[in-house]
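Undergrad: With chain A held as given, fit chain B onto it using these hints.
Number of protein chains: 2
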Amino acid sequence: MRSPVRTGALRGLPPSTPAPLQAGTKGLRDCAPRRLPVPPSSGFHSTSPECSEALATTAKLPEAEPVPPVPPRERFTIADIKERRAKAGRLVAPTAAYCDADMFKGPTTGKPKAKRWDHHLTTESALRAPCKLKQAAKHLKTPGLISLGGGLPCPEYFPISSLTLHIPTPPDFSETATLAAGEDAPIGKYDASFPSLEGSEYDLSIALNYGQATGSAQMTRFVTEHVELIGAPPYADWGVCLTIGSTGALEQILRMVCDGVGRKDSLLTEEFSFSTALETAAPLGVNVVGVKMDGEGLVPGVMDRILTGWDERERGGRRKPHVLYTVPSGQNPTGATQSVERRRAIYEVARRHDVLVVEDEPYYYLQMQEPGTEAPGSVEEFLEGLVPTYLSMDVDGRVVRMDSFSKVVVPGSRMGWITASAQLVERFIRHAEVANQGPSGFSQVILHKLLDERWGHEGYLRWLMNLRMEYTKRRDIMAAACEDFLPREVVSWKPPQAGMFQWLKVNHELHPYASTKGILDIEEEIFNSCISKGVLVARGSWFRAQQDIPPSGLYFRATFAAATPENMREAIRRLGEAIRESYQL
Amino acid sequence: MRSPVRTGALRGLPPSTPAPLQAGTKGLRDCAPRRLPVPPSSGFHSTSPECSEALATTAKLPEAEPVPPVPPRERFTIADIKERRAKAGRLVAPTAAYCDADMFKGPTTGKPKAKRWDHHLTTESALRAPCKLKQAAKHLKTPGLISLGGGLPCPEYFPISSLTLHIPTPPDFSETATLAAGEDAPIGKYDASFPSLEGSEYDLSIALNYGQATGSAQMTRFVTEHVELIGAPPYADWGVCLTIGSTGALEQILRMVCDGVGRKDSLLTEEFSFSTALETAAPLGVNVVGVKMDGEGLVPGVMDRILTGWDERERGGRRKPHVLYTVPSGQNPTGATQSVERRRAIYEVARRHDVLVVEDEPYYYLQMQEPGTEAPGSVEEFLEGLVPTYLSMDVDGRVVRMDSFSKVVVPGSRMGWITASAQLVERFIRHAEVANQGPSGFSQVILHKLLDERWGHEGYLRWLMNLRMEYTKRRDIMAAACEDFLPREVVSWKPPQAGMFQWLKVNHELHPYASTKGILDIEEEIFNSCISKGVLVARGSWFRAQQDIPPSGLYFRATFAAATPENMREAIRRLGEAIRESYQL
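These protein sequences, in sequence, are chains A and B.
Numbering-wise, this note's numbering puts 579 at position 579 of the first sequence, and it's gapless, one number per residue.
Numbering-wise, this note's numbering puts 424 at position 424 of the second sequence, and it's gapless, one number per residue.
Treat the hints with caution; some may be incorrect.
Repeated chains share a single entry, so a pair holds when one copy, or any two copies, can fit it.
To be verified - In silico lysine-lysine, PhoX-like type, Cα no more than 25 Å apart, as pairs:
1) Lys82 / Lys320
2) Lys320 / Lys264
3) Lys533 / Lys132
4) Lys473 / Lys264
5) Lys517 / Lys141
6) Lys264 / Lys115
7) Lys533 / Lys517
8) Lys320 / Lys141
9) Lys82 / Lys473
10) Lys517 / Lys132
Think of the hints as simulated: they come from the structure by calculation, not from any bench.
With the rest of the complex left out, here is chain A (with noise of 0.2 Å):
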């Protein structure tokens, strides 16, 4: 066996404990993270004394059962993974080939096996039965086979023989430099047939036919391979589906595991949470339950006290959650990112109740870089600075990530992946192929040209560290705009760690009329206002992840990602003229 390199090992343990070395580990190393600071409570959270209570420490977390102590972050290298390609060969893939992540994995000898979550699934998808007609391409391997057995239609009848990407070349991104200097990269209809001709293992002829629920071969891969260069759980048996990104991946989940109707399931999640998984939750009669967050998001504390003392018959009858929906890093709405220390410490919360944790990443590699303190000049110190994910500490693996490439290649691509156990890869794959049969071949074999084939894990991460500093800049012309229109004596924010968004907190108590007015009436006046004057934001109360409940706060959600400098600056001063019109300031 190989022993992968091991890094950034003692992330996040106090500086007394020693490494805890498992069997195989070598290469142990201690790499100082370039990380920020953890910031204190940003103020412009909800703080009740519950809250504030639960944040003083996890150490009062109850200790009925002990939490065996999370293994260190490992990691593979990008010459570790070229080493294993060459070793491999060249990948012979056809139409609709059947594959999963152990195919491109490293060594995982001497790790334990995720643990079994039978108990968790709903009767839908322990019902689910393997797709009889993808099941028999298992056939197709055998040589010299003829198959009338699937309605695959014949490549010569697909009206596109080639689709050629002008790209960026790294590593300048830039518009103006693709323009001038950016390279062609075409897909030929039969390119993998010539492998002496374009040495390219994925074509239209493979990728625009039908294929595998999972994705195809060659962007599994690619997927793997990057899972393991940001860090790989700790178990064996992992495993990756692609989908139709996280929208789509969510949906699958949720009903894989909660049966809102028949066994009353609830969904924990943040106070504030992504409206779209709310919308996606409620239909299914899924109980939201919303988790107080602080500046670094949800409280440990506070989701332990909601689990310890969950009565069903005080809850309506609805069993206690056993399922947690997040969004670690630049969290939408709030841009709360969770320290590894806050991950650990909900890690362990979600250990103590037997918890699966949905960890949503859309914004991950979008963590931002802080002011006076100097970029990551390799791909390496990139990787090291990025706050270590739920999925590399999931000794047990209970932990499904979703990541997506709509926030940080395109939108349009309707395209991520999901990491987790076999076991539950494997229900979810039994769901995709019903579901959607896996993204669009355009989708992945445009990916794979872009990504795989020309730019390599190394220029895709190169792309990433690019982008950070563009959203970094982002942020930055947001928080000076906010700081020059906005009425401090009213609203505070500040600007997050990661993300797309900047979240504002709006007094509610100085408001001339807040004895009269609910806060969800201001918020509509001031909405209502701003569409008026030209700015469009998000409202704080869409992201409320208990609508019953009375809300805690008015917040409004306001994005940098999309518009210019100039428009930027100039909504900014059209929101702080409404806020300033409705308080009367």
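TA: Leaving out everything else, chain B in the frame of chain A:
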């Protein structure tokens, strides 16, 4: 109001029936359909006494509720659509623009509205609320508005500056002609911002960003017009929504109208049905009820009798079925095609029993040319020759039609659309918002460039005309191979009139071990023998709608879509050999 040209008006009515003129109907004329004579019952489908009796005539249907006549099919022409587009001017539909079919439809003045289906919706579907963030997009129309609303990335960060297709130029669609004389079709990032230069109404900056779950306005216009060319519904308020192919659409439709657990809903379908459709229904607890078939597919008299005699107590508390799933043309797996008379009869049974009809038509355009008949010379003749759709006779709005680009352009597009009443389309969109957010932008912009901008409706219909002739050739090659290599003494078959599949009946009773070996055992023996001889066929039992009743016969499905002519012959030879060996012939 412009009067649409109505064609094929009297199709399917007895000669003595007067034309049922509707308000606003002008230019009614009878065009002799270029269709095939309805074949007699082919003899290879099961013909139980119940079935034979029901077959005799549809006049035996109970007459409790008189069913009004179905109005004539109505079609617009390509000239109508060109004129309409010219009047409307350039389509300006920027990022995430809201759209619906009404924006692109021809006049529907004087037509009734569809019926309401609230009583058929599931609780899940009824509970769906609009996506708050997508709804906010309506404000984007406000002139001068700056959006800090949705987290849409700036297209500056899309790492593809252009995408160039190489595509066939009609009328020669062959691969060799395309390589020699096809055309390049570039798609730039900002084409739509420079109308004077390129003239394109769609580009990468729009397609690769987030969009509405309906799909883009650009593709919505194309499919809306396409529906009108084939035959729009006879009610006013129909709509469309792009889908992740019919796979994804069916799952969404089932969740919209079938509650297998709470309401104990059932689904009617052909006795042999698409296995993936069955696998979609099963985990939802939806009970599938197979309806006997003959050479023209599902037998309406049997369907009527099942519904008339439905007894909830006898059926384990299962509610009387209110949804029919049918593949009317080139049915999968039997290859059967319902004649227009058959469709009318089934539709009337559906009306009588308040049944919604899910019309799954992936093979609709693969209707074959019969030997000795002349191929249509014009697009109009081609359209005339197609069997009318359920949609075109749907006076109530009870049909949900699923179309797909998978079989006629590329499966990898993972794109199709539904057409149905506005009420059902609206509920479907609400689900799409959280299930997928519409098809891949790559798929949309590429198919738009090809089908709409380069080929136009005329070119696309010519492509379909070409494709059906290709499939006709393939069907004939397989038919000849069957004649040459299959033992007629035990195997019977009839070349299909549409689709991709040859259905083969093997007479179980003639098997030397028929008295001791079950149908499924013999099927397995022959299947395994086929694999060892190097041919993969699909087992008939995979497609049995009801696995809980004994199999009615021994069948295999062979596709003529994929293999080369030589391989197809060799594969059928191997299949013949496997059958002969099992039957000791």
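Undergrad: What are the numbers of the hints the structure violates, in ascending order?
TA: Those not satisfied are hints 1, 4, 5, 8, 9.
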